[in-house]
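Please work from the sequences and hints to get the whole structure.
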Amino acid sequence: MNKVYEAVNWDRPSNDYIEMLWNQNTSQFWLDTEIPVSKDLKTWDTLSDEEKLVFMRVLGGLTLLDTEQGNVGMPMIAMHVKDQQKKAVLIFQAAMEEIHAKSYSTIFTTVADQSKIDNIFQWVKEEPHLQKKTKWIDDIYKNIQPNDDYSLYQAMVASVFLESFLFYSGFFYPLYISGQGKMVASGEIIKLILRDESVHGVFVGLLAQELYQSFSPEKQQEAKEFVYTFLNTLYENEVGYTETVYDSINLTHEVKKYVRYNANKALMNIGMEPHFEEEDINPVVLNGIRTETSTHDFFSTKGKGYQKGKVEPLRDEDFAFVNELVEQSSN
Amino acid sequence: MMVVYASKTGNVERFMSKLPVRKMKITNELFMHEPFVLVTYTTGFGQVPTEVQSFLERNDRYLRGVAASGNQNWGTSYGKAGDTIAAQYQVPIVHKFELSGTKQDAEKFLLGVEQIEQSCFQMDRAQ
Ligand SMILES: Cc1cc2nc3c(=O)[nH]c(=O)nc-3n(C[C@H](O)[C@H](O)[C@H](O)COP(=O)(O)O)c2cc1C
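In order, the protein sequences belong to chains A and B. Here the working numbering is used: the first residue of the first sequence is 530, the next is one more, and so on. Here the working numbering is used: the first residue of the second sequence is 47, the next is one more, and so on.
Derived from the structure by calculation, the hints contain no laboratory data.
With a Cα cut of at most 25 Å, we get these calculated BS3-like pairs of lysine-lysine:
hint	chain 1	residue 1	chain 2	residue 2
1	A	K786	B	K154
2	A	K785	B	K149
3	A	K786	B	K149
Estimated spans, in silico, between C-beta atoms of each pair:
hint	chain 1	residue 1	chain 2	residue 2	range
4	A	L570	B	M169	56 to 66 Å
5	B	P81	A	D776	47 to 57 Å
6	A	Q749	B	N74	30 to 40 Å
7	A	N538	B	R104	25 to 35 Å
8	B	Y135	A	Q660	52 to 62 Å
9	A	N676	B	K71	31 to 41 Å
10	B	E97	A	D647	46 to 56 Å
11	A	T639	B	M169	51 to 61 Å
12	A	F558	B	L76	33 to 43 Å
13	A	F650	B	P138	46 to 56 Å
14	B	E160	A	L570	46 to 56 Å
15	B	K71	A	F558	24 to 34 Å
16	A	M608	B	T73	32 to 42 Å
Just so it is clear, CB atoms sit at the ideal spot from N, CA and C, and this is done for glycine as well.
Below you can see the structure in the form of structure tokens.
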């Protein structure tokens with residue numbers, strides 16, 4: 530018997546959320562080259578040497594995670610998921626991960642010379658917490674067995690943990706300084722990545738929940754135990770990473786809170802209950818996420834099936850704060 | 047007070063499942079004949095879901111308040127569906143929360159609904 534090859538048929542959406550996720554993913558498409566990172570050079574010079582080092586290290590760490598996600602995580606999960614439309618969304622997400630990974634280099638190239646950049650990439654290779662978490666996640670991705678929903682489920686959980694939880698020890702710092710009007714173009718890149726990762730977390734989280742629902746009660750119990758055990762293992766490692774990176778600028782305590790808050794959100798993405806106590810997150814970081822600059826049209830949308838916000842027109846006043854920030858950062 | 051909700055990826059649904067209130071999920075056939083509070087998610091870039099828009103076009107008469115789920119990673123568009131509906135229909139925004147909400151979110155939401163219930167009751171008496 531010959532195998533029959535099927536073409537992806539978008540005329541028949543395979544479920545009630547797939548088009549929404551395709552549209553959102555494609556509408557959010559962006560390129561690092563659209564963001565004028567050179568504007569950040571002026572505020573870069575106002576950072577202390579310790580601050581510069583933290584900034585570069587967290588971007589180095591983020592590059593490693595995005596590389597793993599784009600080269601291994603998304604493609605491996607896509608390979609084992611059966612539905613053609615789901616595969617399509619996953620592969621689009623893989624491509625965005627590559628854009629994320631490259632965008633950190635765009636920032637590096639703007640603010641640092643080659644030898645400093647090389648040092649950071651060397652640091653990434655030697656930093657034990659970074660290496661450990663990447664290995665744990667990579668092992669789970671490479672352990673997916675053909676036609677085995679449980680190992681696929683584990684990979685989906687690992688993917689959501691990577692994108693909705695492990696990134697945040699790194700995101701903290703660029704958001705924290707852009708919340709103070711420094712490095713705002715780089716902050717813009719981070720916010721675009723944040724928004725992409727949020728959509729990825731929803732999608733892969735939904736796929737994980739579908740598999741979970743198909744498991745027997747015993748298997749569900751096993752899955753739940755895996756989730757919380759793995760979460761705690763990763764959290765212990767994040768604590769060590771956070772101390773290593775942030776102790777020199779006294780932000781460790783704040784970063785750990787942000788990491789726990791995001792671990793809870795990652796759990797919600799896979800339909801599980803939060804694990805850590807609720808805590809307030811650093812208001813400067815929230816400010817960094819909320820700040821909009823004119824460096825990138827945040828409201829721009831591409832592709833069909835998606836309308837520009839029509840309910841509330843933007844007024845000039847809405848941009849007052851933004852203009853101020855851009856002015857400050859280019860003075 | 048009846049709580050009517052919309053949920054696409056399950057978060058609002060899970061938030062609602064933890065609440066001891068009378069509740070109904072939005073469908074195309076749902077028509078309201080009593081006061082209610084709406085819980086919606088936020089979609090697109092700060093948008094009200096289409097299913098919620100068309101539900102409200104038919105059922106704005108008894109709308110008394112709105113709560114919205116979202117994700118703060120959307121920046122200024124966080125939970126904006128709630129703000130938009132509150133402004134458009136002149137109702138209070140009861141609460142905004144992230145994803146499926148925390149215990150505190152559930153408490154704050156219930157408190158907000160209670161306050162609306164009380165003010166509805168007072169309005170009825172004044173009439
Ligand atoms: C396609 C898509 C677009 C979203 N856009 C926004 C947004 O603009 N603002 C926001 O606060 N949250 C946004 N979110 C997050 C959702 O509002 C949030 O995950 C919510 O809990 C979903 O509720 P549900 O699972 O009940 O559908 C978006 C999520 C998705 C999947």
